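Participant: From first to last, the protein sequence lines stand for chains A and B.
Going by the working numbering, the first sequence opens with residue 419, and the numbers climb by one from there.
Going by the working numbering, the second sequence opens with residue 15, and the numbers climb by one from there.
What the hints contain is simulated information worked out from the structure, not anything from laboratory work.
Computed from a predicted structure; not experimentally measured.
Taking lysine-lysine and the DSSO-like style, the derived pairs with C-alpha atoms no more than 27 Å apart in a straight line are:
(1) A/LYS510 / B/LYS154
(2) B/LYS268 / A/LYS428
(3) B/LYS412 / B/LYS382
(4) A/LYS510 / B/LYS238
(5) A/LYS510 / B/LYS163
(6) B/LYS103 / A/LYS477
Here are some chain A residues the structure puts well away from chain B; computed CB gaps all over 12 Å:
(7) LEU437
(8) ASP439
(9) LEU453
Even for Gly, the Cβ is constructed at its ideal location relative to N, Cα and C.
Residue strings, one per chain:
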Amino acid sequence: MSIDKNTVEKVARLARIRLEDDKAEQLAGDLNKILGMIAELNEVDTAGVEPMTGVIDMKLPEREDKITDGNNVDAVLLNAPEQTAGFFVVPKVVE
Amino acid sequence: MSNALIKGETGEWEIVIGLEVHAQCLSQSKLFSGASAVFGAAPNEHVSTVDAGFPGMLPVINGHCVSQAVKTGLGLNAKINLHSVFERKNYFYPDLPQGYQISQYQHPIVGEGEIEIDLPDGSTKVIGIERLHLEQDAGKSLHDQHPQKSFVDLNRSGNPLMEIVSKPDMRSADEAAAYVTKLRTILRYLGTCDGNMDEGSMRCDVNVSVRKPGDELGTRCEIKNVNSVRFVHQAIEHEARRQVEVIEGGGEIKQETRLFDTKSGTTRSMRSKEDAHDYRYFPDPDLLPLVLEQSFVDAINDNLPELPDAKKKRFIGDLGLTPYDAGVLVAEKERAYFYEFAVKGRDGKLVANWLLTELWGALNKAEKTLSESPVSAEQLGGLVGLISDNTISGRIAKDVFAEMFATGKDAAVIVDEKGLKQVTDTGAIEKVIDEVLAANPDKVAEYKGGKDKLFGFFVGQVMKQSGGKANPGIVNELLKKKL
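Go ahead and model the full structure; you've got the sequences and the hints to work with.
Facilitator: Here it is in structure tokens:
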């Protein structure tokens, strides 16, 4: 797999990361080196091996269905750049 | 009837429809946080720091929601996957504070299944279910409160949703409407979703394409957030016609997301950027795979309630109802339960008639729902019991019913108080018959001269004289003898 300048720009756009004009070319090179290194892992035969999801053998912990949180509007809105009547207020986004 | 073909200028077109239904899983708290998942609160009151996407907050799954998803899967006759995986669906929008939605993608909790839908002409059709997966809901943006700003309420953020994806098995707007209706009924029987479309507990995305019958599938368009059965119907009719017009006009259908405008009944393009659908799913590193024991699934399966199709079959087979009446009764869980309570020890057909005509009519007139009925299921059963054992006639029963509806009293009490007991004493009835015959010598002569139709006149007169209380069977029998 090889990454070109266009792919880097697209991924940056999707992730909302701003790139300086000359950065994309350089990043494409860096990323290709990283991917090349990781690609070496493909040489290992993993047929029949379950993917490992953690180093400790444990189950997904579950919660009881109880209301234990919420009713904390002030804290939730504390970092909001703008708020009105309990709402977050953001620049208009409408399709 | 179900394949409703569209007549175009170049011949007939077939509509192909698949539906994605987002059903909010009935629970107290959210899928991954302890904030309330109940509808109706002031803005941002039902929000924890997990739902607001604060840094470092970790999701912990609500075990009840897992049970609800499995229960729903079983109710849809679907395969339950003992191993499923939560993934991140990445996109940016102000009402999605995490920057991703926790969903399931390659390994959903429920796989393929099927349900049977009931069509307007009385026929049924099997519709395949592709999958059901668990995911978080997003918050809500209000765009109409301010000229330059949008307001964001995160109360819905993190609510547990079951996304139920059908196979593209539907061929008309009627079938799609029947599918949504049936799915809603099943979810309500299961108690896994309240099915309240007004409050957004069930929302549909509709995939529509058209093709010449027998051709390959056409390019589809997805219509987002169609939130009532009626709108599903309208949106499909309009979208299918639009696509036929585009193709016949020499154009091509672009795969795109469209919005349904409820005011005009039309759909329009959302004009999204082309890479808006590049969600870059990957397994959520905050959540281990969800692994279920077969015994857990079996225990849920053993406790499934009787579902509408099974109930309908039983109503027809054991209680002698017509398929139509049985269908109407099972369509709403409350109605079916009311009927089952009223019919205990009573005549099935008679109870169905009284429930679906008299009680139904009275409730509609009074603008009340079944749960607000002044006549309880037990009381309705009591009234039918009095008819069946000949204590009162069907005619008197209507008066008794009106009184019950007005006062909430038991039928037996009203019959006692007003002395409405049916007269079955042949001597007393004979006396009335004699009086009627004596008062109408000319009619008697006509009847004897061959005018058979007058028999009804005599029955009517005798019933009238007795204040409606004479047993009609005995009146008929005695009159025949006397004439």
